[in-house]
Amino acid sequence: MSEWWTYRAEDFLLFSPRVYWRMFELHNAALWPLHFVTFDAGLIILLLIAWRPGSSARWVASILAMLWIFVGWSFLWNRYTTINWVAAYIAPAFFVEGTLLLIAALSGALAFEKRRPGDWIAYLILGFALLGQPLLAPLQGRGWASSEVFGIAPDPTVIGTLGVLLLARGRLVPWLLPIPVLWCLLSGLTLQTMGEPQAWATYAGLALAALGWIWRIVRQRGSLPVA
Amino acid sequence: MRTTRRTFVQASLAATAAATLLPISLHAQQGRLIRRPIPSSREEIPIVGLGTWITFNVGDDPALRNECAGVMAAFFEAGGRMIDSSPMYGSSQPVVGYGLQKLGRPQALFSADKVWTSSAAAGPTQIEQSRRYWGVPKFDLVQVHNLLTWKPHLQTLFQMKASGTVRYVGITTSEGRRHDLIEQIMRSEPIDFVQFSYNVVDREAEARLLPLASERGIAVIVNRPFRQGALTERLKNKPLPEWAAELGASSWAELMLKFILAHPAVTVAIPATTRVDHVRENLSAAAGPMPDTAMRQRIAAHVKAL
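For the record, the sequence lines run as chains A and B. Residue numbering for the first sequence follows my numbering, starting at 1 and increasing by one per position. Residue numbering for the second sequence follows my numbering, starting at 228 and increasing by one per position.
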């Protein structure tokens, strides 16, 4: 692309906010009442990590893997691509993340511990993904029809995954982080370019996750014995 | 009034002079719309067309597809002809095709599309796919979008024109990008159309591109006449000057469109909209008096001062 410095984010926005939110309305209508299943799946993830951290990692990773692949296929591949051809290149990233989560589930490469510093931030993020994100549509006057629900829409699924990864440890965690982080940046930028205040919710989810990681690193270093 | 040989000669001379000085043929065809000739063929088209960037990218949404079809219906009813789209515009091409089918394939359509791929070999396949989306036997105009891989695509389009599978060939840019290359192509290639951005505040094209288009006999399509709605949004709460009535303009959109359309080198402006009332308003700018040079300066100065 020549004269790339002359391009702004607006130049890459192919659709209007009205079409974007209508897309969620149609998506919700098409999948209703599957929302109860995916919301319950999110709730189970939260409860498993909180109450059975030692034995829940395989289940949590498996559920998340299915949700990522489902959202990648149903939303990105089948719906978002109709208004944004870029989504055809993003959908495979969701399949990759789902595959990585499946590998984590099968290999036992993820684990959760009972209590670690900064856990409250992770639960806050996960709680927002499950309960906060669906409220944004009615709170902004768009009504419930275009609500973004965990396991149905990408943003709450991705933000919820960031919360889960903040609670997890294991060698695959660094591999599982880039795609959710990049999606949050892309989605936040899209919403910001459309002039939607909701962009800040996505950025805030990402910022909170980053804060959680920093908090954990600082606390862990502080607790190390001095040599 | 009795027509004498003298009055006939005077009228003929006046008509010839008017046609020379002001290349706007005020034919009252399809209502009151002003039409201008495509220099390479002298075919006349109404000076306001319909863009589809963002506005027609509504995906599979049936309600919004029908709204777009409604906009197209109002466009054709008001005498519009040129609809412009691109493979880059998401679902806009299939949505245009949906509208055309719903409206019974209006004969008035002047179909303008683009080729937009970095692969020279993929150009013909993409153009054919676009044609199928529109559901037209052939495109009237195919343009190289944003000059992407322009050399081989232009060769493809010239071959298509020679074989009769496209009627006109063009190139496009937007927002003032790559004007040097546009100018170079306008000077060196036998293109029929050039498309770029021009409006009451973005007037860079007046310096070189518009005079060059006149000199080389190239039709000009103006995109982003309202800066993608930013200008109408900026001015919506500002009072329209009283002197706008002299031009028959009852809105900022009409006044700003008349500013563009009055430039003698402009052939068509292609505002995009999702609203039937706006498409009618846009087309009404293509009728009635047009501003002269002094009035154009007045419009530009007034908008700049707001």
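Any given hint could turn out to be false.
[Said to hold, decoys possible] One-sided and incomplete, this derived list gives chain A residues near chain B with beta-carbon spacing under 8 angstroms: (1) V19; (2) R115; (3) V173.
[What the hints assert, rightly or not] Derived list of chain B stretches under chain A, where covered just means 3 residues or more per stretch with a C-beta under 8 angstroms from a C-beta of chain A: (4) 278 to 285; (5) 316 to 327.
[Stated by the list, open to error] Which chain B residues stay away from chain A? Per the calculated CB distances, all over 10 angstroms, these: (6) L291; (7) R332; (8) P364; (9) R435; (10) Q455; (11) K463; (12) L467; (13) W470; (14) T501; (15) K531.
It is worth saying that the hints were derived from the structure and are not from the lab. Note that the Cβ used here is the ideal one computed from N, Cα and C, for glycine as well.
Hint check results:
1. V19: 5 angstroms, holds
2. R115: For A/R115, the interface hint is violated, since the closest Cβ of chain B sits about 46 angstroms away, which is over 8 angstroms.
3. V173: 36 angstroms, violated
4. 278 to 285: Check passed, 4 qualifying residues.
5. 316 to 327: holds (count 3)
6. L291: 6 angstroms, violated
7. R332: Holds, since 24 angstroms exceeds 10 angstroms.
8. P364: Given that every Cβ of chain A is farther than 10 angstroms from that of B/P364, nearest at about 26 angstroms, it holds.
9. R435: 17 angstroms, holds
10. Q455: For B/Q455, whose nearest Cβ neighbour in chain A is about 8 angstroms away, the distance does not exceed 10 angstroms, so it is violated.
11. K463: 16 angstroms, holds
12. L467: At about 26 angstroms from chain A, B/L467 clears the 10 angstroms cut-off, so the statement holds.
13. W470: 33 angstroms, holds
14. T501: B/T501 not clear of chain A: closest Cβ-Cβ about 7 angstroms, inside 10 angstroms.
15. K531: Non-interface label stands for B/K531: nearest chain A Cβ at 22 angstroms, farther than 10 angstroms.
Figure legend: structure checked against the earlier numbered hints; hints not met, in rising order: 2, 3, 6, 10, 14.
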